[in-house]
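A.B. asks: These protein sequence lines map, in sequence, to chains A and B. Sequential numbering from 0 applies to the first sequence in numbering that gives the first Met the number 0. Sequential numbering from 0 applies to the second sequence in numbering that gives the first Met the number 0.
No lab work stands behind these hints: they were computed from the structure. It is possible that some hints are incorrect.
Any copy, or any two copies together, can satisfy a pair, since identical chains are not distinguished.
What the hints assert, rightly or not - Derived BS3-like pairs: lysine-lysine, alpha-carbon spacing no greater than 27 Å straight-line:
no.	residue 1	residue 2
1	Lys68	Lys22
2	Lys150	Lys132
3	Lys102	Lys30
4	Lys125	Lys102
5	Lys102	Lys22
6	Lys132	Lys22
7	Lys150	Lys224
8	Lys224	Lys30
9	Lys132	Lys68
10	Lys125	Lys22
Number of protein chains: 2
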Amino acid sequence: MSEQSGSASGHRAADMIVADIEKQIASGVLKGASPLPSERELMEEFGASRTVVREAITALSNRGLIECKPRYRPIVRQVGYETVIDTTSPVIRQLLHEPQGVKNLYDMRVFIERGLVRDAALYASKSDIQELKAALRANEDAISNSDEFYKSDTAFHRVLYCIPGNPVFPATHEGFVSWLAPQWDRMERSPERNQRNYQAHVAIYQAILERDPDAAEAALVSHLKAAWEFVRTTFSLEN
Amino acid sequence: MSEQSGSASGHRAADMIVADIEKQIASGVLKGASPLPSERELMEEFGASRTVVREAITALSNRGLIECKPRYRPIVRQVGYETVIDTTSPVIRQLLHEPQGVKNLYDMRVFIERGLVRDAALYASKSDIQELKAALRANEDAISNSDEFYKSDTAFHRVLYCIPGNPVFPATHEGFVSWLAPQWDRMERSPERNQRNYQAHVAIYQAILERDPDAAEAALVSHLKAAWEFVRTTFSLEN
DNA sequence: TCCGTTTATTTGGTATGATGAAATATGAAA
DNA sequence: TTTCATATTTCATCATACCAAATAAACGGA
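Could you put the whole structure together from the sequences, leaning on the hints where they help?
C.D. replies: Put into structure tokens, the structure is as follows:
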């Protein structure tokens, strides 16, 4: 009865709700991993129709502030740098279909890791190097098991992303892994390839140990270039 | 863990429509900058209710595939790397409120530009350097006009992002600019500061000219560190 | 004939009520 | 107490309706 949107020039009632819930999440009123109130409750709370509440919910879902499985209650998710990756993924996936898309992203990855290994060579702490060593050993142990090796491989690279202590880097790594995984997954793996990759990792590690940024960078470039060559020939891309 | 986005077990009617329209955009049936059919037409075309059509539209909007102003017809937008930045921005803005948020992002920027200037020193072409020079001259001419200088300042940095020829970089630059702008905007500007920044740019340019990556990187770090110092003291942040 | 203004029609934003199905809570039987 | 069947909540979707803004059409003056 009555009540047809009070705000005169106010556009989009849903935005109000979105903003409010955002605040509630930020201020901790809605804790992470807890379910959102039911739609009926929300329409009470905001004096809006289910239509609007629903729209707000989908918007929040798309922004990654809540996780929204088909028939379940939406659950709150505290924002993190990983959230960015998640919300970005659909668009990125579009770009990957584009010619050059994979290459562009891969080049970006190479660019970043070049910087990472340089910095590692220059500034890595004792414990950082310890972690690298551990990751390396995991590599070696998994050479015969390609599935296992794949995991330990990405783990090795992840260590590099963790060294700067900036959470943006690990998130970026997650992004690269999930975006480029579709290509990587379809490639055949073999102990021989694993062996080669392991050797490459060792070279990088050695250069970092010796505090030689140029050598580290060179080793990394050689490593990733070889990997790309393999992808390229497997899928017969042009670049 | 990432990776969902698929419709797994839940069949949401809207997802079908989203997927279909995505295809229509990708295949060129729906050209860029053209308006979407009206909601009523769409519900005819897909045999769905308006609720569902609407949900699909907001989803597409949130994914950045269409631009959706409040009372106007949604217009199709061909995906580009800038789209990623757009869709990401809301989430990023959240993160900026977090302590360290700005610093983390700024550090990321420094990291990337360090790599960029190194590469510029090593691989920049004649025409790249020409562009840098032009940007530099624009800087100099704008020293007395702080507003103008700000624009030419970001333009100078943008040139660095364009040198690799990878569209991901310029998009990233756009991101940094729009994300960090809120802080930057509130800082007072002066010809003296402009002068100092111009000098810093010159130093970077010189190092690139001399093909000295280490010097270029050092000059850039000094430049951006000074800028951060200024931000830090202005807003009395901790780091 | 052309252009600005008024009127009609379309269309987007929101509200209600209803329905089927899945998820959860409830309670009874083993 | 555990288990299973039933009741209830809640989500997904549909249909309908209304208002207000945007667009198209009609109109009238220069």
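A.B. asks: Are the hints correct? Go through all of them and say.
C.D. replies: Here is what the structure says about each hint:
With identical chains, the CA atoms of lysine 68 and lysine 22 are at most 27 Å apart both within one copy (22 Å) and between copies (24 Å). In this assembly of identical chains, the alpha carbons of lysine 150 and lysine 132 lie at most 27 Å apart only when taken from the same copy (16 Å versus 46 Å across copies). Within a single copy, lysine 102 and lysine 30 get their C-alpha atoms only as close as 40 Å, which misses the 27 Å cut-off; across copies the closest is 25 Å, which meets it. Taking the shortest alpha-carbon separations for lysine 125 and lysine 102, only the inter-copy value of 25 Å comes in at or below 27 Å, while the best intra-copy value is 35 Å.
In this homomeric assembly, lysine 102 and lysine 22 come within 27 Å of each other (Cα to Cα) only across copies, at 22 Å, whereas the closest approach inside a single copy is 39 Å. Proximity of lysine 132 and lysine 22 under a CA criterion of 27 Å is satisfied in neither setting, with 43 Å inside one chain copy and 46 Å between copies. In this assembly of identical chains, lysine 150 and lysine 224 lie within 27 Å of each other by CA distance solely inside one copy; the values are 20 Å within and 37 Å between copies. For the identical chains of this complex, lysine 224 and lysine 30 are neighbours neither inside a copy (45 Å) nor across copies (37 Å), given an alpha-carbon limit of 27 Å.
Taking the shortest alpha-carbon separations for lysine 132 and lysine 68, neither the intra-copy value of 40 Å nor the inter-copy value of 53 Å comes in at or below 27 Å. Taking the shortest alpha-carbon separations for lysine 125 and lysine 22, neither the intra-copy value of 41 Å nor the inter-copy value of 51 Å comes in at or below 27 Å.
In summary, the numbered hints that this structure violates are 6, 8, 9, 10.
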